[in-house]
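Place chains B and C on chain A using the hints.
Residue numbers (the UniProt record's numbering), protein chains in the order written: chain A, 1 to 367; chain B, 1 to 293; chain C, 1 to 280.
What the hints contain is simulated information worked out from the structure, not anything from laboratory work.
Bear in mind that the values here come from a model prediction, so they are computed numbers and not experimental data.
A partial selection of chain C residues facing chain B, derived with a Cβ cut-off under 8 angstroms:
#1 Pro121
#2 Met231
#3 Leu275
Note that beta-carbon positions come from the ideal geometry of N, C-alpha and C, so glycine has one too.
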Amino acid sequence: MAGITLSNVRKTYAGGVAAVKGVSIDIEDGEFIVLVGPSGCGKSTLLRMVAGLEAITEGEISIGDRVVNKIEPADRDIAMVFQNYALYPHMTVYNNLAYGLKNRGIKKEEIDRRVREAARILEIADYLDRKPRALSGGQRQRVAMGRAIVREPKAFLFDEPLSNLDAKLRVQMRIEIKKLQKALGTTSLYVTHDQLEAMTLADRLVVLNGGQVEQIGTPIDVYENPASTFVASFIGSPAMNLMEIERDNAQWHLSRGDGLSLKSELEERSAILGLRPEDLHIVEDETQLEDPLVLSLIVSAVEPVGAESYVHATLGEQGQEVIVRAPGKQHFEVGSVLKVAAKREKLHFFSSETGKALTSTGKLQPA
Amino acid sequence: MKRVQFADPLMPYMLLLPQLLIVGIFFIWPAAEAVRSSFYLEDPFGFGSTFVGFDNFTDALTSSDYASTARFTLVFTALTTFFSLSIALLLAVKADSVIRGASTYRTLLMWVYAIAPPVAGLIGVMLFDQHIGPLKEFAGLLGWDMQIGVNYFDTAFCMIVIAVWKQVPINFIFFLSGLQSVPKSIQEAAAIDCRSGARRFWTVTFPLLAPTGFFLLIINITYALFETFGIIDLVLKGEPGNNPITLVYKVFLDGFRGNDLGGSSAQSVILMLLVFVLTIVQFRLIERRVHYN
Amino acid sequence: MKREHITDHLILILGAVFMIAPVIVAFMTSTHDAVSVYRNGLQMTWGGHFSDTYSAVLTEAGGFTKEVTGFTMLKNSMILGLGFAIGKIIISMLAAYAIVYFRFPLASFCFWVIFATLLLPLEVRILPSYEIVQGLGMMNSYSGLIVPLIASATGTFYFRQFFKSVPDELVEAARIDGAGPIKFFIDILVPLSKTMIAAIFIIMFVYGWNQYLWPTLITTDETFFTLVRGMRQILQVWIGAQIPETNQAMALAVLAMLPPVIVVIVFQSWFVKGLVESEK
Chain A
1 MAGITLSNVR
11 KTYAGGVAAV
21 KGVSIDIEDG
31 EFIVLVGPSG
41 CGKSTLLRMV
51 AGLEAITEGE
61 ISIGDRVVNK
71 IEPADRDIAM
81 VFQNYALYPH
91 MTVYNNLAYG
101 LKNRGIKKEE
111 IDRRVREAAR
121 ILEIADYLDR
131 KPRALSGGQR
141 QRVAMGRAIV
151 REPKAFLFDE
161 PLSNLDAKLR
171 VQMRIEIKKL
181 QKALGTTSLY
191 VTHDQLEAMT
201 LADRLVVLNG
211 GQVEQIGTPI
221 DVYENPASTF
231 VASFIGSPAM
241 NLMEIERDNA
251 QWHLSRGDGL
261 SLKSELEERS
271 AILGLRPEDL
281 HIVEDETQLE
291 DPLVLSLIVS
301 AVEPVGAESY
311 VHATLGEQGQ
321 EVIVRAPGKQ
331 HFEVGSVLKV
341 AAKREKLHFF
351 SSETGKALTS
361 TGKLQPA
Chain B
1 MKRVQFADPL
11 MPYMLLLPQL
21 LIVGIFFIWP
31 AAEAVRSSFY
41 LEDPFGFGST
51 FVGFDNFTDA
61 LTSSDYASTA
71 RFTLVFTALT
81 TFFSLSIALL
91 LAVKADSVIR
101 GASTYRTLLM
111 WVYAIAPPVA
121 GLIGVMLFDQ
131 HIGPLKEFAG
141 LLGWDMQIGV
151 NYFDTAFCMI
161 VIAVWKQVPI
171 NFIFFLSGLQ
181 SVPKSIQEAA
191 AIDCRSGARR
201 FWTVTFPLLA
211 PTGFFLLIIN
221 ITYALFETFG
231 IIDLVLKGEP
241 GNNPITLVYK
251 VFLDGFRGND
261 LGGSSAQSVI
271 LMLLVFVLTI
281 VQFRLIERRV
291 HYN
Chain C
1 MKREHITDHL
11 ILILGAVFMI
21 APVIVAFMTS
31 THDAVSVYRN
41 GLQMTWGGHF
51 SDTYSAVLTE
61 AGGFTKEVTG
71 FTMLKNSMIL
81 GLGFAIGKII
91 ISMLAAYAIV
101 YFRFPLASFC
111 FWVIFATLLL
121 PLEVRILPSY
131 EIVQGLGMMN
141 SYSGLIVPLI
151 ASATGTFYFR
161 QFFKSVPDEL
171 VEAARIDGAG
181 PIKFFIDILV
191 PLSKTMIAAI
201 FIIMFVYGWN
211 QYLWPTLITT
221 DETFFTLVRG
231 MRQILQVWIG
241 AQIPETNQAM
251 ALAVLAMLPP
261 VIVVIVFQSW
271 FVKGLVESEK
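Just chain A, same shape as in the assembly:
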């Protein structure tokens, strides 16, 4: 087992398109790292470079103490689980698991032992003689996992392995992958575009955007202290409410229209205010509050999802959209006025030029 180090890794395609623009990540031994981002952010390319399926244009990748830039995929001592599983359709499950081991010249008895052990762990022992097409989606997924396990590699690489499963199975497999990874203690690099999957699986998240790292951190850290508006809107569902604000002396208001007033010592002339839907609590009597921010909203639609409801509402004449997470029992009338407030520590400020978080500098205190 081993850690993985990426230092200033770049990928530029023949046409001049840069898919990965200088990414550095230090992955510790046994860690579960999830690369998350929208499609086209370079996460899969990055994973495939670690696997050796894409050439590295610039930078260095090492697995353990060995720089692997020029090493064949088969010799990198990694295993990969593909999105469509990439099982060999003409081979039985047993042979699918055994093929890579045979190619490495491992003894028959050892192959048999490993295959049966993996099959036992993944509960696919009954299907070893079947061909992949005779298996259900979930079973195929297990076989794909099994193919990775039998190699006893230094690292697992997962390329959106759950995206072909239905929602229920996805949740179930998600937990199993996490348990398995913890049990085996193998360093894992996992790619997904699903932020929920990323949050639940990761020891640490790497949020990618446009070929660059936006933020690296534990799921909670990333959620609570998003480093940029991109991370803020990508992680968390419903997404963080973002609104452009401007300063008039010490008084802040919406850039377009009114409906918001806020005191803050921010020095910028303008900024972006971020509010998580669950951080907005509904208030009856605003005069009693010490909260620095109170919004007066008009309810435009309600999405009840059971335990809670997402209240879509508008702020000001320009119709700034705001989503509020409210208890499921509460009833809302479309068109009615809704007052919400947020605590000081729940306000996020981002630069209106770069989108980077301003609070992280430490000196900014909302009034």
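Using the frame of chain A, we list chains B and C on its own:
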């Protein structure tokens, strides 16, 4: 192409070598030779050749012989294509709509695909024969004194019938698979929107078959131009006389019987251009077909 | 949804008769003797001379051809059909593998060279092809019969299309599993292509068996005649005869169509699938 490819300095060339070698020797070289000799006048006794520029082309294109052959080829191609496509479409639509015996009909209507054109030609010649042919006899009952090999029109008729007979199966196969790939949901939507079955066919099914139809059109034109050689050769019994022949047959005749190397080559080059155009059109259509799917 | 109409069946039956009747006539005529055919024309009924006619055309030289028996022609047809199909599959599979799975500088050039063969059907280069084969001393030989036919791009295109449809991840998984190009080809790609190979084999066997123009040009020695090539000879002898052996001519026609017809009917579903899919 694949995202991940093997990089081996030698292996791809080794893999391609057999094909490239054969292509080079038996395709590119003779084609280049045809182009070259189309600009030369070969001495019939083999004493060298003289460069004559485009003379062979102008000779070919201006000769009345060539013009009448081209005219017949056009008519032959048009009629063969039209009849084999429409008969096949009719049969495919019916075969798609029946339930009982569907697979039997399918087999009965497609197996003739496997028969070689000259074999079809031989059987056809016998069926139309002066003395023993039942079709000639049948035409006689209708007051048509059919004289294959003697009468220009009758010979052409015979060629077209055989050519259509031989080509219906492949069109049938493609039309039927085209019909079967029309999604059931579309047929059901059409059934709700439109009561008349015929109208439904022409407004919904037929347009959906259009890509298959265009594709087959090219296939059929190519067939009528080139692959009917065996049929024509058999119907003419190797003695063209004053009978209709196609352009390809004329290339063969002028080259092998007439020993007119330059003229035959010039005609070959003209045909190459024709194939070139047809191939381009075909590839355009295939691209479009992919979009449909 | 479907409603059956009697007219649908009528049209289909008419169509089936149109397709089958000529072959029935050919077969029935072949079971009569020459004299009765000469007197009474082609036959629609069983004549009882089946074994006479067929043993004569299969085993006796002379008649339509001077030196060869029908059996020899059948053998030659078989060699052409099988040799063509097998040769074509091997050559085009290798070429398509190189084009789809390898990165090399001349890839697109090679592809276009092969592609160009589509623009050059035999019919437009008859004479020079003949001369080149003659110059290479390949006249009247099986290699001269088969090899020049093998190289056209069709097979390569079929396999190229098919290989492109194989998921990319398979080769990636195979590389992680330590399979090189040869191992991947033998262990994964060939087994995956089994049905495709079968379908192409059927199409190519029929295509090779049915070749006419090329064998006509390069086989002048009767011992290399295929059945299909022999059709013209048969017709010419038939025309010149006092009492033409129509029954035997028809018997040879039946023999010439029998193997490809059987293959197409027996392997119908593969054949149709191969034909329709590969044209996409």
